[in-house]
Every structure is written in C-alpha cells, then in structure tokens.
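Chains as they are written, first to last, in the numbering used here: chain U, 6 to 356; chain V, 1379 to 1681.
Since the hints were derived computationally from the structure, they do not count as laboratory data.
Treat the numbers as computed from the prediction; the structure is a model and nothing was measured.
Any given hint could turn out to be false.
[Unchecked claim] Taking lysine to any residue and the SDA-like style, the derived pairs with C-alpha atoms no more than 20 Å apart in a straight line are:
#1 U:Lys322 - V:Gln1664
#2 V:Lys1555 - V:Gln1664
#3 V:Lys1482 - U:Thr50
#4 V:Lys1482 - U:Lys322
#5 U:Lys322 - V:Glu1436
#6 U:Lys322 - V:Lys1501
#7 V:Lys1482 - U:Ile289
#8 V:Lys1480 - U:Gln46
#9 V:Lys1501 - V:Glu1436
#10 U:Lys240 - U:Asp257
#11 U:Lys191 - U:Gln46
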Amino acid sequence: MAEPSPDETLKKHLTLRYRINAVLFAVLMVALTFWFQKHLQVYLTQIALIGGTMTLWALWELLQSWLKWGWGEDGEDTAKTLLGSARSTEYVVLGGVVLAFLWLTTSSLYLNYESSAGGGTEYRVEVKSGGVQFLPPLVFSSSQEVAGKPYFLRLRSRELELRIVEPRGFLALNKTLEPGARLNIKVPGDFQPKKFHVLRLVPGPNLFSNLPQYDDYPTVFYEVKISRPSGADAKTFRDLRRQSLYVGAASDDIRWLRQEQLQGESLQDLLQLLHDEKVPSAAITQNLPSLETNPAVLSTFEFVTGDRIVVEVIRKKSDGRKTIASETLDLRDGDPSIRPVLLEIPEEGAQ
Amino acid sequence: MNEGKRFRIRLLAAWLAMCAGTAAESAFGQATLPPLVRTTVQIDSHLLGDNLDASDLERVKQELAEYAAKKLPKPGFEFMRWKSLQTQPDLPSVAEFRILIKQKSSGGIPRLLLEYQAFVEGKPADLSGLPVQPIYDGPAPSVHSADRLIEDVKSLRLDKDLANDANRAELATAFAKHIPLSKRVIVEQGKPDIIVPVDFDSLQASDQSHLYVEFTAQPDQKPAESGSMRLRPVTKIVTGAFQGAVNCRVYSFDFRNMSVAQPGGDDPSVTSILAILAPTSMKSAQVFMEEFKVRSGSLFQNP
Chain U
6 MAEPSPDETL KKHLTLRYRI NAVLFAVLMV ALTFWFQKHL QVYLTQIALI
56 GGTMTLWALW ELLQSWLKWG WGEDGEDTAK TLLGSARSTE YVVLGGVVLA
106 FLWLTTSSLY LNYESSAGGG TEYRVEVKSG GVQFLPPLVF SSSQEVAGKP
156 YFLRLRSREL ELRIVEPRGF LALNKTLEPG ARLNIKVPGD FQPKKFHVLR
206 LVPGPNLFSN LPQYDDYPTV FYEVKISRPS GADAKTFRDL RRQSLYVGAA
256 SDDIRWLRQE QLQGESLQDL LQLLHDEKVP SAAITQNLPS LETNPAVLST
306 FEFVTGDRIV VEVIRKKSDG RKTIASETLD LRDGDPSIRP VLLEIPEEGA
356 Q
Chain V
1379 MNEGKRFRIR LLAAWLAMCA GTAAESAFGQ ATLPPLVRTT VQIDSHLLGD
1429 NLDASDLERV KQELAEYAAK KLPKPGFEFM RWKSLQTQPD LPSVAEFRIL
1479 IKQKSSGGIP RLLLEYQAFV EGKPADLSGL PVQPIYDGPA PSVHSADRLI
1529 EDVKSLRLDK DLANDANRAE LATAFAKHIP LSKRVIVEQG KPDIIVPVDF
1579 DSLQASDQSH LYVEFTAQPD QKPAESGSMR LRPVTKIVTG AFQGAVNCRV
1629 YSFDFRNMSV AQPGGDDPSV TSILAILAPT SMKSAQVFME EFKVRSGSLF
1679 QNP
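Looking at chain U on its own, in the form it has when it is part of the complex (with noise of 0.2 Å):
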C-alpha cells in the first residue's frame, strides 16, 4: 500500500484541525448564545420575545449562518482555511477560556410583571442587599414588564431582599443572587401575601374618660407601651388621647391596611367588640364618635401568628410614670388583619 504524499497527509490534517475546531467552535457559540440569552438578552431587548422553540431555531439558523459563511466551494475553503489553522484552534481555545470565565461569573436579576395576578395595576419594586439599594427602584406596570440587568465578574454571591413597597401586603422575597446564575422574579407572583395582625386598642369607657380629648393640652399624659413578654422591640405611644389606636406593623402598612378595610367595616368590627364586651349602650353612644375619628398608629415591630404581645397602659404625671393596667394578648392564626381589642383601667383606685 503505497503512502500518503504530505500534501495527502497535510491535507487531512488540516481536515481533522478543521473539524476539531468547526465543533469547538459551534459549542463556544451555542455556549456563548446560550449565555447571551441567559444573562443579556433582556437587558439588551427588554423584552422576552424568545423562548423556548422559537429559541432554539434560531440558535440553529444563527449557527447554520455561520458554518455556512461562504457557502459553496469557496467558503468551505475559507472555512477550512481559517478554522483548519494551528492559530485558529488557540482563538477558539482562548474564546472557550474566556465564556467559561464569563460563564461562571455572570449573574443577573430580572423581575417580570404579571399582569394577572395580584390584582394591582402598579407595582413598585425595592431590590436591597444588606439594606442598601442594590436596584433603582423599580416601577412595573403593562407598560413597564421587565427590569434588570445582568453582573459581570462576580465571584461572590449577594443575598438580596426584593420588597414590593406599593401596593403594601406582600412580604418581602429574600433571594441569594450566585455567580453564574439568572434570577428571575416574577412580580408579583413570587412575592407571598403578608398575614397583618394589627391590633386596634380601643379604650374602654372608664380609660375613656380619663383621656384628654383631641384638642386638651393636658398636664397628665396617657403612654400605651408594647412590647414581648420579654420586655424586648419595646416601643411606646406616648400621648393617647380619646382615640383607637393601631399596632403591630410598620405605620404606612396600618394606613394601608386602614384604606383597604371595606366602607362600614371599621365601625362595624368596633360596634361588635363594645358589643361582646358588654359595653354600656349609653357609654357606646358617647364614646364612638371620637373612638371612629382621629386614630393614632403606633409603628412596631411586625405582629406575627403566634406572639404574645404585652400592652400596657401608664400615667405619667409631674411626679412619676405608673402602669395603671397590663394585658398580654395572644395572636391567633385566624385573627382578622385588624383585631379590635378593648383597653380597660379599673374604674376606681387606678392612680
């Protein structure tokens, strides 16, 4: 069998390098296609327009593009020159080093709109990691339903807490953003319902009369403290005056929730409490019209299924603060999101 020339040898070589790094070369860039569509493509687009098959025929064609580049006796011979070259093997080697890199360094967040669910029509996003704003914030709406962006050269992970501020009842959504990976949320389908337990401390007739009215500029003053039996996230309203007040979140969420009440259910929930607690008809005639206007909100830490909540109730004079009543209240799953309670001090010998 007679040997092959060295053109017949140098001829196949070239083949075999040129077939070794047509494959390289096609998975370098269904890789890099890959990681474009990962990380880029809707940063770039801002719109998701491919997915899934649409996907993956247009890799096919983008990559056929590229095979195919001089199609016909000259561009396979173009091909073969230049991808058939010691040289081209190291680019394709380098550009496989350097998408790796990429690759394992790149992460991105991406927050959807879903129109469907949740029932807003706005949607306000804030994006924090370790309470300092990773993202702007973020406005979603039909007009407005992707955002984010990818992070090149990350080698460290970042925990981050996406809250939906407007409208308020979600809670906040804690994910951890690796590197090399996309995160994507959508909003506000990802974000769980918040379960309020707000407290409305309502006074009972004899704490009602010993409050000042709205307009008083009283030398005696009334304080409603909470705090965990414990005596721990204690806080204190320092001035109640013949009023309800409202405990157990953040303050903007008791307002929120306040406007969400249905028309008549406040006044409704709070005729049934001074109805149960057998509150005297004369003492609910006088006293609802200013338990109805002018509420205080006390922000606190957020009241949860579960906590047994101290309310106390204190005078303070010129000579010295005394609790005048304390109750611990235990909040139960099926409580509503704003439970009236009734805020009582003994009728006499409470100084």
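Using the hints provided, position chain V relative to the given structure of chain U.
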C-alpha cells in the same frame, strides 16, 4: 323691811343691773359685721384627681368658690357676708356652703356630679332639697382642662342652680335662716328699742324684714326658760356705743305665759319685755333672719 322698801330696792337693783349691763355692752365694742359664710369647693373624684395637677385642682376650687360667693348673695341672702375660704382666711365664719364635685359610675360611664352641702357652726344643714345632679349628661368632655371644668361647672350648674327660685327658697329654709346673725340682743335703759349689734348698713335689711330671736332668760328667781321674739330692724344707731348697729322694734314676743303681738307705745308689756331682755336676765340669745327684704334707697329710709 316693808314691801314698799323691798320693791324700791328691787327696782334699784334692776336699774343698776341694766346700767351695768349697758356699760358692759359698751365694753364689748361696736356693731359687728353680719355673719360670714365661707364658700368652699371639694373635689372627690379620681377622674379629676388623677388628671389635673394639684395646682390646677386648687385653682378649680378657688375660682368656683369665689364664683359661688359672688352668685349666692343676690337675691335674698345679702344680709350675710359670703367669701371663699381663700379670701381673708383669718376672718372667723359661722357657716360653710360647700360645693362638692364627686364621681359616680352611671350606665358604665364615670360621671361627675355636683352636690351642695351646708354646715352651720360645724353641723350639717339639711340641703336634701337640692338634689345631686350630674355636671354633664355623659362623660366629662375633658378632665384635663381646669379652665374648661371651671367654665362648665359655672355655666352648667352654678348659674342654673344658684339662680333657681326653688333652690334659693330651699337654701333659705334649710340653711340661711339658721345662721345666727348675732348671739346678743341689747336693751338700752329707758328705750323701747332693742339693739341687735350687727352693722346696719351691711345687713341691708329693710323694716319689712323679720328677725327671729331665740333666747333663754331668767328675769327672776324662777328657772331660766326659753322664749322667742320677732323683731323688725328699724333704724341705724348713729351715736353711742353701738353706733352703726340695728335698732329694732319688737314684732312679737313669747316667754313663759307672756305672748305679745306688736307691743309699743304705752303698752305695759314693754317694760316687762325690757326687763326680761335685760343683760342680767338674758342667758343666751340667737338672732336669725326669718324674712329678709332688702333695703333700697336711703340707708335711713325708716327713721
């Protein structure tokens, strides 16, 4: 000693005694001012005690007491002096008109009530005709504002209660008529008039007024007995030891079996009355204003 000599000695003794008595009265000094009634305010309420500073509480008491002292005299009680406890506190008083602000739970609502109490010489007078009334229909609008409380008590209770005719009649019957204007009546030798040593101008009583005098006298050897008389304040004494005091005429007189209506002129009973009322005979006396008609115009309207 014969009867005529004995009678002359007795008359001489009576005259001497009368002179001595008159001299003694002179030594007492001049007419005194009408009785002083203190108006006071007490607060028995946790609501107010807990929610007003001590200084504010004191101010409430003082202002309301002074307000009552101004409101009470007219009409009908001008014959007494009314002052709050804080005004000239050293002056002695014979009676106290007390406004009590207290607290009671009613219909589940702590309510502020106002009660009037009266004391004459330390003893309570029956003012049950003035019922305890709530200051407010419901809970107090504010138990943190002394100013508001003062204004509310004035307008919602004192202005109404103290101007009410039925209430004033009750006050007169149960209280004012039992306050002694004086504990002395003085007869002057040779005069039919009876002196009540109270300042005429301050008393402001016309001659249509009636003074009621309860007295105990022992004009002779028999045991002392109680009697009464009614006097009409007639004139102001302008000279003498009792200058400025009230000169009265007897309107009616009852002592032992002696009952005289409007004695005067040459009525022989006058001499007996004067003898009974002589300083040596009188053991005690209390003069009350039974019916008061305020004097108007000249101080000397009834010469």
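For each hint, the structure was consulted:
1. U:Lys322 - V:Gln1664: With Cα atoms ~50 Å apart, lysine 322 of chain U and glutamine 1664 of chain V exceed 20 Å; violated.
2. V:Lys1555 - V:Gln1664: 11 Å, holds
3. V:Lys1482 - U:Thr50: 77 Å, violated
4. V:Lys1482 - U:Lys322: Given that 20 Å is the threshold and the Cα spacing comes to 23 Å, the pair is violated.
5. U:Lys322 - V:Glu1436: The given pair, whose Cα atoms are some 16 Å apart, holds under the 20 Å limit.
6. U:Lys322 - V:Lys1501: Cα-Cα ~37 Å, so violated.
7. V:Lys1482 - U:Ile289: 18 Å, holds
8. V:Lys1480 - U:Gln46: With Cα atoms ~81 Å apart, lysine 1480 of chain V and glutamine 46 of chain U exceed 20 Å; violated.
9. V:Lys1501 - V:Glu1436: This hinted pair is violated, its Cα atoms lying about 25 Å apart.
10. U:Lys240 - U:Asp257: 16 Å, holds
11. U:Lys191 - U:Gln46: Satisfied, since the Cα-Cα distance of roughly 17 Å is no more than 20 Å.
This entry does not satisfy hints 1, 3, 4, 6, 8 and 9, going by the numbered hints stated previously.
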